[in-house]
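Could you slot chain P onto chain Z? The hints should help.
Chains as they are written, first to last, in the working numbering: chain Z, 142 to 386; chain P, 4 to 439.
Check each hint, because a few of them may be wrong.
Unchecked claim - Some chain Z residues well away from chain P (every beta-carbon gap over 12 Å; in silico):
1) N148
2) T167
3) T216
4) E228
5) G259
As the list claims (entries may be wrong) - Label pairs and their in silico Cβ distance ranges:
6) P:R304 <-> Z:R355: 48 to 56 Å
7) Z:E228 <-> P:R304: 29 to 37 Å
8) P:P78 <-> Z:G337: 41 to 49 Å
FYI, nobody ran anything at the bench for these hints, they're computed from the structure.
Yeah, the Cβ is synthetic: ideal placement off N, Cα and C, and Gly gets one too.
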Amino acid sequence: MVAPPDNDVLWARALHFQHNGSPALTGVSLGVRDGEILAVTGPRGSGKTTLLSCLSGLLPAQSGEIWFNSKPMHTMRPMRRERLRRERFGWIDPVPHLVPELTVWENAALPLMLRGTGRRAARTTAREWLERLDIGDCARKRPRGLPAAARQRVAIARALAAAPTVLFADEPTASLHRADRAHVLRTLTTAARSHGITVVLATTEPETATLADRSVALLDGRCVQTVHLPPAAESEGRAACSLSV
Amino acid sequence: MLALRLARRAHVLVQVRRLLVAAASAGTGFLLLCAFGYALAHPGASPGAALRLAWCAVPLAATVHLAVAVARADPATRPRPGLSAVGLGPGRLMVFSVLTTALSCALGSAAALLLFLHLRGDLPGTPPRNSLADALAAGLPLPLPATVTLLAVVPLAASVAGALSLRPREDARRDAPTGPGAGPAGGPGAEPGAEPGTPGAGTAAGNRRVGKPRAATGRQGALPADTGTHAVPAPSGLPWGIAVVAAGLTTETYAARDPRGARLDLPGDLVAGTAGVLAGWALTALGLALAGPALTHLCGRLLQAARPGVLRLLSGRGLQEEAGRIGRPLGVVCAVASGAYAIARVYAEAHDAPPAFGPLSVLGALVVAGCALATLLTAAVEARGDRADTTAALLRIGAPATLLRSAALLRAGALVLVLAPLTWLVAELAALPLLR
Numbered sequence: 142m143v144a145p146p147d148n149d150v151l152w153a154r155a156l157h158f159q160h161n162g163s164p165a166l167t168g169v170s171l172g173v174r175d176g177e178i179l180a181v182t183g184p185r186g187s188g189k190t191t192l193l194s195c196l197s198g199l200l201p202a203q204s205g206e207i208w209f210n211s212k213p214m215h216t217m218r219p220m221r222r223e224r225l226r227r228e229r230f231g232w233i234d235p236v237p238h239l240v241p242e243l244t245v246w247e248n249a250a251l252p253l254m255l256r257g258t259g260r261r262a263a264r265t266t267a268r269e270w271l272e273r274l275d276i277g278d279c280a281r282k283r284p285r286g287l288p289a290a291a292r293q294r295v296a297i298a299r300a301l302a303a304a305p306t307v308l309f310a311d312e313p314t315a316s317l318h319r320a321d322r323a324h325v326l327r328t329l330t331t332a333a334r335s336h337g338i339t340v341v342l343a344t345t346e347p348e349t350a351t352l353a354d355r356s357v358a359l360l361d362g363r364c365v366q367t368v369h370l371p372p373a374a375e376s377e378g379r380a381a382c383s384l385s386v
Numbered sequence: 004m005l006a007l008r009l010a011r012r013a014h015v016l017v018q019v020r021r022l023l024v025a026a027a028s029a030g031t032g033f034l035l036l037c038a039f040g041y042a043l044a045h046p047g048a049s050p051g052a053a054l055r056l057a058w059c060a061v062p063l064a065a066t067v068h069l070a071v072a073v074a075r076a077d078p079a080t081r082p083r084p085g086l087s088a089v090g091l092g093p094g095r096l097m098v099f100s101v102l103t104t105a106l107s108c109a110l111g112s113a114a115a116l117l118l119f120l121h122l123r124g125d126l127p128g129t130p131p132r133n134s135l136a137d138a139l140a141a142g143l144p145l146p147l148p149a150t151v152t153l154l155a156v157v158p159l160a161a162s163v164a165g166a167l168s169l170r171p172r173e174d175a176r177r178d179a180p181t182g183p184g185a186g187p188a189g190g191p192g193a194e195p196g197a198e199p200g201t202p203g204a205g206t207a208a209g210n211r212r213v214g215k216p217r218a219a220t221g222r223q224g225a226l227p228a229d230t231g232t233h234a235v236p237a238p239s240g241l242p243w244g245i246a247v248v249a250a251g252l253t254t255e256t257y258a259a260r261d262p263r264g265a266r267l268d269l270p271g272d273l274v275a276g277t278a279g280v281l282a283g284w285a286l287t288a289l290g291l292a293l294a295g296p297a298l299t300h301l302c303g304r305l306l307q308a309a310r311p312g313v314l315r316l317l318s319g320r321g322l323q324e325e326a327g328r329i330g331r332p333l334g335v336v337c338a339v340a341s342g343a344y345a346i347a348r349v350y351a352e353a354h355d356a357p358p359a360f361g362p363l364s365v366l367g368a369l370v371v372a373g374c375a376l377a378t379l380l381t382a383a384v385e386a387r388g389d390r391a392d393t394t395a396a397l398l399r400i401g402a403p404a405t406l407l408r409s410a411a412l413l414r415a416g417a418l419v420l421v422l423a424p425l426t427w428l429v430a431e432l433a434a435l436p437l438l439r
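Okay, chain Z solo, but in the shape it has when bound (with noise of 0.2 Å):
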């Protein structure tokens, strides 16, 4: 086992992951340094989600290794691996999976008071970082009354009150809007910049990316540094729609 770099909060070396006998994962490595925020682009099923989840512990890697503050995480039991995400990973999702019959600002909270922390203080935690993404005045109402990009900013304010290590955004702003997508983008990002945050941000849009401080292209399970395809032939002598069934 060779131990990985000082500076890289996780790291990871050869992940292979199948879905099913379908490979998703194959060999990719990477190292993501403290306070970063690293882009991992690509198209979409090229990895992206089982990268993000085989680095938050959520998947266990089939091989390879993925070392968390010099610690592997390819050994743990699931029981570690889920009080890491616990208690230093952050997770958002595509689509917002917030707790319906919680109120805003108990579904900010629930990270926090799952650390243990006290209703007061989290409650106190969770309505700051409401505040900061602009939804404070929907604190006390059920998330199933908001419209969709408010509702992905709860689930960002969920990630980041609970001030985590790592932070892991599977394309947040997938479902939203332009408006919207630039809003939760940047509030985002100056959130992690601000308080020292690592993110991992998978995204399919090059202007993301741009974001973001380094970034990481998957093709079909690899990382890739430049892609090489098939360079367009010409399109003399050649008929423009020859498909036939």
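Then chain P, alone, in the frame of chain Z:
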């Protein structure tokens, strides 16, 4: 045929639930046939026969209740994106579910018929000795049309009730972030945006939360102050339930004071009560069933009252959210339990011995009690399936599985703690007039 294929490939637990429906249907069918046999054997005693037939309404209702609950909880009849795309939407799946229900009930009815014929001695082989002689009409020819009509009652009633309960409704559509039919609980393989909230996905089965119209939810500023805070309105059955229980107890007490009313034999060798007493008793049970959802909601409310931590918060709010789904079968279970307790009290008082009923009464009681319990469990399973998304999201942010399990246990404990004394109280009050 597709319905059969879908039904055949279901999970073992689903098949067990369908078997339960078949068993309940068999029990009810057998009771109906026995009432019919009594009528055949005693052509002169039509009031007694009619009374026996009328008593079959209770197991029939219990069976239909169970069949509807099982149909609603059936994952095969839940709208799925893949099937919706090929035109098997909620409407078509409702037909499937009706077919499956009818099939399991018909199987049960056939079993009941076979058992009845066997006991009568119509089938080859010697019939076992039994104490049902006057309910079997052995030796008399069995009229086919009447038999078929009686046996068709359960499948027809269950199918119609299932169709009514599962019919596609526009207002059942949910625009919530957690669409119940949306993908395998947001699993790792689910790509973002792949959960478009398929029209009506997972809503025809389940979701009785019709609730307030969500017309004004588009703009944040335009929300009425209250809409967001109480998205799921509290069930309003508590005043009704209390009123009906009180009316039932009053009726019973008044009727018991005046014993000259028309007497009705209770099934089993039980003290005969007047029609008024029985009506009061039925009203009491109905009141308990009506109050079920509101009581469940109240339990949840009490659980999460006074600065709750995460455990009480999750369990209490979950109970409040599921009050509509869990509460009704729970109320029915309470009603059945209170009825059983009251009957046992009355019997013990009258005969000075532990209750010993005839085989048909025992069968009826078993069908009713079993159906009530099975319906409650099925509703719980349905609620769990509907909340799978939320559970998965909670697990993703690192909620320990033990926390979720303790929340479920806490919920069950709170329900027992509140409902058991209440049921006992109502049963004691209901038995009181008959004990004098």
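Here's how the hints hold up against the structure:
{"no.": "1", "hint": "N148", "verdict": "holds (26 Å)"}
{"no.": "2", "hint": "T167", "verdict": "holds (15 Å)"}
{"no.": "3", "hint": "T216", "verdict": "holds (19 Å)"}
{"no.": "4", "hint": "E228", "verdict": "violated (7 Å)"}
{"no.": "5", "hint": "G259", "verdict": "violated (9 Å)"}
{"no.": "6", "hint": "P:R304 <-> Z:R355: 48 to 56 Å", "verdict": "holds (50 Å)"}
{"no.": "7", "hint": "Z:E228 <-> P:R304: 29 to 37 Å", "verdict": "holds (31 Å)"}
{"no.": "8", "hint": "P:P78 <-> Z:G337: 41 to 49 Å", "verdict": "holds (45 Å)"}
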